[in-house]
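With these hints in hand, go ahead and build the complete structure from the sequences.
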Amino acid sequence: MQEVINEMNVNFLSRSSNEGFARAVVAAFVSQLDPTIDELADIKTAVSEAVTNCIVHGYKSGIGKIYISSKIYSGGKILIKIKDRGCGIENIEQAMEPLFTTGGSERSGLGFAVMQSFMDKIKVSSKVGKGTTVTLQKFIIRRPISNEK
Amino acid sequence: MAVKISNYNNFALALIEGDIDHHTAKDIRESIDYYIEKYTPKMLKMDFGQVKFMDSSGIGLIMGRFKLMNALKGKLKVINIPKNLERMIKLSGLMSLGIFEKEEK
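One line per chain: the protein sequences are A and B, in this order. For the first sequence, this note's numbering gives the first residue as 1, with consecutive numbering after it. For the second sequence, this note's numbering gives the first residue as 150, with consecutive numbering after it.
For the record, the hints were derived by calculation from the structure and aren't laboratory data. Please note that the accuracy of each hint is not assured.
Unchecked claim - Straight-line Cα separation of at most 16 Å, EDC-like style, residue types lysine to aspartate or glutamate; simulated pairs:
# : chain 1 : residue 1 : chain 2 : residue 2
1 : A       : K123      : A       : E97
2 : B       : K216      : B       : D182
3 : B       : K201      : A       : D38
4 : B       : K216      : A       : E106
5 : B       : K232      : A       : D38
Claimed, not checked - Between beta-carbon pairs, the in silico distance windows are:
#  : chain 1 : residue 1 : chain 2 : residue 2 : range
6  : B       : K187      : A       : Q137      : 40 to 50 Å
7  : A       : G129      : B       : N158      : 55 to 65 Å
8  : A       : S17       : B       : P231      : 18 to 28 Å
9  : A       : I63       : B       : A220      : 26 to 36 Å
10 : B       : N158      : A       : K130      : 33 to 43 Å
Bear in mind the structure is a predicted one, so any value in this text is a computation, not a measurement. Ideal Cβ positions, reconstructed from N, Cα and C, are used throughout, including at glycine.
The structure is reproduced here in structure tokens:
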């Protein structure tokens, strides 16, 4: 069994000015595993995509709260959950297709493709009218942190 | 400012600095589009050499300027993509447009 070594939770309003904050706070948390610059950039990019989805799609008609929780497990596994209580996704499969977007001509439709490519694993669960949760997973193995306080 | 736009003899140069995400892309887009629509340069060069971070909003930014320049019968070049952004560019499929160039540092 993998043991949870550390955990953090943060929530903030779905204002686009918080996109930089969201990826910075996750990067700061993950930094204790001593990731490479590339690994950290991958995580920041995936978090940025997921948070942008909450803002552009989940809460497209207003402002709501975005919840991020992240856990570090023994063995260097990181889980990052990004949740909104927005409109939800009707067709997850279609939403995850590269280039599919309902966001207009300035959106590339690559959000989920980027998350899939930059992380080891991604899970999307969503209920229409209830919201969406994206779970990102990545292993960072080099220097596992100890259990000390 | 996240973007500095300067005029050269036969092209406009947009030097983008810092992070490109959905939030910052809006200002960058508006600044570039204002300039393009006002001066209608034959060519726009977007310089990514000073970009520290970019998510897929950067791809949308390139796609949108490509369409705008096309509509105005101009050309788009994207120069100095940093090494760490190459994966995103490859993933986007934009390579096939032939707009990327390494040059002038």
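(request) Please write out, lowest number first, the hints stated earlier that are contradicted by the structure. (result) 10
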